[in-house]
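Q: Those protein sequence lines, which keep their order, are chains A and B. Its first residue numbered 1, the first sequence is counted upward by one per residue in the numbering used here. Its first residue numbered 1, the second sequence is counted upward by one per residue in the numbering used here.
What the hints contain is simulated information worked out from the structure, not anything from laboratory work. Note that the coordinates shown come from a computational prediction; the quantities given were computed from them, not determined experimentally. Heads up, a few of these hints could be off.
When chains are identical, the list treats them as one kind, so a pair holds in a single copy or across two.
What the hints assert, rightly or not - Capping the alpha-carbon separation at 35 Å, the derived lysine-lysine pairs in DSBU-like fashion look like this:
hint	residue 1	residue 2
1	K60	K36
2	K60	K179
3	K116	K179
4	K60	K73
5	K60	K171
6	K171	K116
Number of protein chains: 2
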Amino acid sequence: MDKRQQLIQTAFDLFYRNGIHAVGINQILQTSGIAKKTLYHHFSSKQALIEAVLQFRDEKFYNWLASRVDAVKPGYDGLNELFDALDDWINNRVNMLTDFNGCFFINTCAEFSDPKHPLHQISQQHKQKVNGLIERQLRALGVHEQAVFSMAESISLLKEGAIVMAHVQGKLSAAQKSKDMAWLILAAYFS
Amino acid sequence: MDKRQQLIQTAFDLFYRNGIHAVGINQILQTSGIAKKTLYHHFSSKQALIEAVLQFRDEKFYNWLASRVDAVKPGYDGLNELFDALDDWINNRVNMLTDFNGCFFINTCAEFSDPKHPLHQISQQHKQKVNGLIERQLRALGVHEQAVFSMAESISLLKEGAIVMAHVQGKLSAAQKSKDMAWLILAAYFS
DNA sequence: TTAAGAATAGACAGATCGGTCTGCTACTGT
DNA sequence: ACAGTAGCAGACCGATCTGTCTATTCTTAA
Numbered sequence: 001m002d003k004r005q006q007l008i009q010t011a012f013d014l015f016y017r018n019g020i021h022a023v024g025i026n027q028i029l030q031t032s033g034i035a036k037k038t039l040y041h042h043f044s045s046k047q048a049l050i051e052a053v054l055q056f057r058d059e060k061f062y063n064w065l066a067s068r069v070d071a072v073k074p075g076y077d078g079l080n081e082l083f084d085a086l087d088d089w090i091n092n093r094v095n096m097l098t099d100f101n102g103c104f105f106i107n108t109c110a111e112f113s114d115p116k117h118p119l120h121q122i123s124q125q126h127k128q129k130v131n132g133l134i135e136r137q138l139r140a141l142g143v144h145e146q147a148v149f150s151m152a153e154s155i156s157l158l159k160e161g162a163i164v165m166a167h168v169q170g171k172l173s174a175a176q177k178s179k180d181m182a183w184l185i186l187a188a189y190f191s
Numbered sequence: 001m002d003k004r005q006q007l008i009q010t011a012f013d014l015f016y017r018n019g020i021h022a023v024g025i026n027q028i029l030q031t032s033g034i035a036k037k038t039l040y041h042h043f044s045s046k047q048a049l050i051e052a053v054l055q056f057r058d059e060k061f062y063n064w065l066a067s068r069v070d071a072v073k074p075g076y077d078g079l080n081e082l083f084d085a086l087d088d089w090i091n092n093r094v095n096m097l098t099d100f101n102g103c104f105f106i107n108t109c110a111e112f113s114d115p116k117h118p119l120h121q122i123s124q125q126h127k128q129k130v131n132g133l134i135e136r137q138l139r140a141l142g143v144h145e146q147a148v149f150s151m152a153e154s155i156s157l158l159k160e161g162a163i164v165m166a167h168v169q170g171k172l173s174a175a176q177k178s179k180d181m182a183w184l185i186l187a188a189y190f191s
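Could you build the full structure based on these sequences and the hints that come with them?
A: Right, here's the structure in full:
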């Protein structure tokens, strides 16, 4: 297998479980069984590795979520599926996503608080991508274009809230709860 | 001034801005101008200092929030005030809370992911305290006792969502939005 | 007065940090 | 056949990490 990919995968597992600052290069090397020279052959610095890890997770997570949502009818079914997927993730029913430890991008922003920091911005872009997925469902639902952005922000807020409640408070049913809340919000809009 | 308190205040400022793992003892000492021996006279280890910092922030934040909420009529006004206070915090209109960098306790859980970790548990307890504040408002609103816990969880979810949206995405109006959503949820309950 | 406690500066220890480098092996495409 | 690439182990560098310790000063209460 590709050593570069092995490094990214190992680094992600360690970063996600323990935090980025808490994990050293040497730990990644020891865990993966790869030589230091090889790491610095593929990445110019730890920072570059972290960026690759974020990009890797971005693709993996977004593609998984989009494939779940796109497998059903856009709109009503799509939004339901979004929250059901979230629920599966939180309750460790998705093998490819690693045991739930909150959102890797929220966690990264917690460690790199400054919005101008490159790692914070990459995390922000990931959230924007997911937001786009939500916007598409709302358009399919027939939400007026001028309300789509505000509404998507509300749905995103519920999604982030569910992730944090599940991670910090251990509320494993938070995704289901946020789904119910989402439909109350949407019902209020359509009434 | 009390050296112990100076250390806690300085450590909090640095931890909150840069993350806990990213800040070393020496940086805290240099910033505060306090000797290393003095730190280890008051705290047995960095871990002990961190715990004191969390407790300090817990008290400061909760007392501030509770004093805001308790200054108005419990129930409708109390819940409104809760979200208005959140809005003030997010938009840096609260001098005593330091510039907004997300929730210190969410950030701590991001760095110490394991729910059994002492720092994670302290953060969880803080959230439980705030949740109690919300429950009191709901009871004053006349929410049936068997619905109070579930409803408080919903309000908490909105609150956490707003904090994350504000921090990660820079959505500074997230608190106002979550307030509107809260009233839609509550209106649905009462209808 | 004096003894204890709290503070100071900073050397020091042992470990680990990110990153460089040497020297060697193995594969692979032209 | 040979050059280039990817890989290995691990020594090494300077910096920084948490934590200990010595030696000295200041404050304060019995």
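Q: Now tell me if each hint is right for this structure.
A: Results of checking the hints against the structure:
1. K60 / K36: within (26 Å within a copy, 45 Å between copies)
2. K60 / K179: both (23 Å within a copy, 33 Å between copies)
3. K116 / K179: Both: 32 Å inside a chain and 28 Å across chains, each within 35 Å.
4. K60 / K73: This pair counts as within: shortest intra-copy Cα distance 22 Å, inter-copy 48 Å.
5. K60 / K171: Answer is both; intra-copy 25 Å and inter-copy 25 Å each pass.
6. K171 / K116: Answer is both; intra-copy 32 Å and inter-copy 15 Å each pass.
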